[in-house]
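Asker: Each chain, letter by letter, is given below.
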Amino acid sequence: MTLLFAALLTGLGLGAMYGLIALGFQITHSVCSRVNFAQGSMVMLGSVLGYVLTQRAGLPVILAYPLALLGCAAMGVIVEFCLIRPFAIRGNDGWLMATVAGGILLDNAVLFTFGNEPRSLPSPLVETSWQILGTGVYPQQVLIPLVAIAVAFALQMLFRRTRQGRALLAVVQNPEAARLMGINTTVMISGSFALSSMLAGAAGLLIAPLFSVHSDMGTLFGIKAFAVAILGGMTSAWGVMIAGFLYGLVEALVTTFLGSSYTYIVVFALLIAVLAIKPSGLFGAAKLRKV
Amino acid sequence: MPIQPTFTRRALMAGAAALSLLAAAPASAEEPIKLGLVAALSGQSAKSGEAITRGIELALDKINGAGGVLGRSLELVSRDDESNPGKGLVAARELVQREEVAALIGGLDTPVSMAIVPYMNDAKVPFVGPWAAGTPITMNGAEENYVFRVSAVDEYVDEAITEYLVTKYGAERPGMILINNPWGESNEAGLTKALAKRGMEHAGIEKFENNDVDVVPQLTRLKENGADSLFLVANVAPSAQVVKSLDRMGWDVPIASHWGPAGGRFTELAGASGEKVHFIQTFLFTDAAHPLFAALQEKYPEIETLADVTPATGIANAYDATLLLAAAIEKAGSTEGPAIREAMYQISGVEGVIKTYDMPFTPEDQDALGPEDYVFSQFVEGEIVPLMD
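Taken in order, these protein sequences are the chains called X and V. Sequential numbering from 1 applies to the first sequence in my numbering. Sequential numbering from 1001 applies to the second sequence in my numbering.
Looking at chain X on its own, in the form it has when it is part of the complex (with noise of 0.2 Å):
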């Protein structure tokens, strides 16, 4: 029972985590059928200025994780000035390898300018945990899937109902039509970059607490994320959410189980038996090939 808890606790806290990572592949997916591989990065991008804000400029936390979510978004409008854009107008997929190598230069130029020390961000709500059920929760543990799940709710009332969403929505459903409406594409799509990066950020700025601070906390999540992201079917943000709430608990749940070693055998066999049978994902609607 309690290691049945704990296990759930665990993946519903991580699974969310992996859930707004992979939103942000979701939404430019939606808007130019294009990534930034350096999403893990930008989550390192978030704690880091995080930190630097509130730990060595000693900003407050109000003021602090705003600028760092703003510098997170600008990294994400210059990922796509740099990374993305002088290869998709040439329709040239140089991209892919591209964002690869722009994250790995991030991580190095933090590596270089934050240091190698991995440092600590204090959070109030990490100092005393819950006890139930023979194990224990943070509250900042209950705060993530709370966040995650108002911002996949905030991100479908802005497709739905805000006339810049649905401005976005009309680029991905026809980018030369919207640009003939008088739609700005190429700001949509940079748009799209920028809150891609801060749902990254925002994550990074959730996790640091329960974590550390360093060049290359991200790495793992970006590549986790990708995988959730796909597993959702890169379609709807409440398929991508789902899909990182099961990515979590099944993680949680072999380890538990089965034992640590069987973790990432038993987790990304499921998951390329699960692409097999349903190639466009858990949520994806299957692309409708035009002949």
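Derived from the structure by calculation, the hints contain no laboratory data. Accuracy of the hints is not assured; some may be wrong.
[What the hints assert, rightly or not] In silico SDA-like pairs for lysine to any residue, Cα to Cα no more than 20 Å straight-line: (1) K1276/V x V126/X; (2) K1047/V x V126/X; (3) K1047/V x F112/X; (4) K1355/V x A1288/V; (5) K1193/V x V1213/V; (6) K1047/V x E117/X; (7) K1047/V x N116/X; (8) K1047/V x M157/X; (9) K1062/V x A1294/V; (10) K1062/V x Q1297/V; (11) K1047/V x L111/X; (12) K1047/V x F153/X.
[Stated by the list, open to error] Going by beta-carbon spacing under 8 Å, a handful of chain X positions derived as facing chain V: (13) R119; (14) V137; (15) H214.
Computed from a prediction, not measured in an experiment: that's the story for all the values here. Using N, Cα and C, we set each Cβ at its ideal position, and we do this for glycine too.
With chain X's structure known, arrange chain V on it following the hints.
Answerer: Then chain V, alone, in the frame of chain X:
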């Protein structure tokens, strides 16, 4: 009109003369003896490379200040292995073949050292490890073993931390929480051996990754299996994740650890409960008046307090390793590898910072430090202090 190169005949002659002078310079007795270093000087483990470099530099200052070795001064030539075994091997080859170093000193990473070991045994050049603790580095099975170590050894550490849990906490069923890499495996073997020797059973062997955030599932398994104490083997950041996960579970359990937590700001990362982790060290500065600490401060003004030299282990091991090598070269009366190796078995009365070394190496045991040299320690307010019984 094409522009003529501005070489004049006179310049050419001068250049040629200078070159011939360089080439003709005889290998004079004053030419320094080179010692090589292959360690992580960049990346996550850069601090370890810095500590080793400082230890060696301090020892060289002392040796060269007293007239050097065989009437020649000692000089350090460093290469960065970036914690990558392939790069480490290339660097070792370059130092031995091109720089013709008399001996090589290694770094933090067991996998890098393991890659270099066979080459050094082939090349017949002594290789001294001041950090990496993997048991097979020195116990490598070579007929003529050129690998020595002045550091902790996993197998001895595992024996020491098992003894510690049993005698201090009456542990009967310890669980293992180990990092998932060759270092973790080396200790899994050592701990299993130490438990078998006592006829004890373990409550499970759990692995985790360097970047795992939440280790509660693994720890809950150990707890449900009846673990009454824990062995911890991981570097500083992952060790901190184990402590945070224990905190969250509300599980207060004795922890005996390898020296991983010493590699950084452990209590900042792990929180106050980090002080509950007891780990081994080969050397500690207990007060700022220590002569080696004074020498460090003088040479590296950025060192202000004892907290700036965590871990002191790397500095002390490298310092002593350099003194032992210098003594062996002096004794051998030569910079030839086989002669230095023979001399390593004969050196005596070398006053290091960890202890005075009398016949520290034998062909059966190429490790200068053993369990009796380990100090159990813990963090208190950010500083590593020896445990008081």
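Asker: All hints, please: hold or fail.
Answerer: Hint check results:
1. K1276/V x V126/X: Answer holds: K1276/V to V126/X is near 18 Å, not above 20 Å.
2. K1047/V x V126/X: Measuring from Cα to Cα gives roughly 29 Å; hence the hint is violated.
3. K1047/V x F112/X: 13 Å, holds
4. K1355/V x A1288/V: 18 Å, holds
5. K1193/V x V1213/V: 30 Å, violated
6. K1047/V x E117/X: Given that 20 Å is the threshold and the Cα spacing comes to 8 Å, the pair holds.
7. K1047/V x N116/X: 8 Å, holds
8. K1047/V x M157/X: Violated. K1047/V to M157/X sits at ~48 Å, over the 20 Å cutoff.
9. K1062/V x A1294/V: 13 Å, holds
10. K1062/V x Q1297/V: Roughly 15 Å between the alpha carbons, so the hint for K1062/V and Q1297/V holds.
11. K1047/V x L111/X: Distance ~12 Å between K1047/V and L111/X Cα, so the pair holds.
12. K1047/V x F153/X: 45 Å, violated
13. R119: R119/X check passes; min Cβ-Cβ to chain V is 7 Å, inside 8 Å.
14. V137: 7 Å, holds
15. H214: Holds. Min distance 7 Å.
In terms of the numbered hints stated before, the structure departs from hints 2, 5, 8 and 12, listed from lowest to highest.
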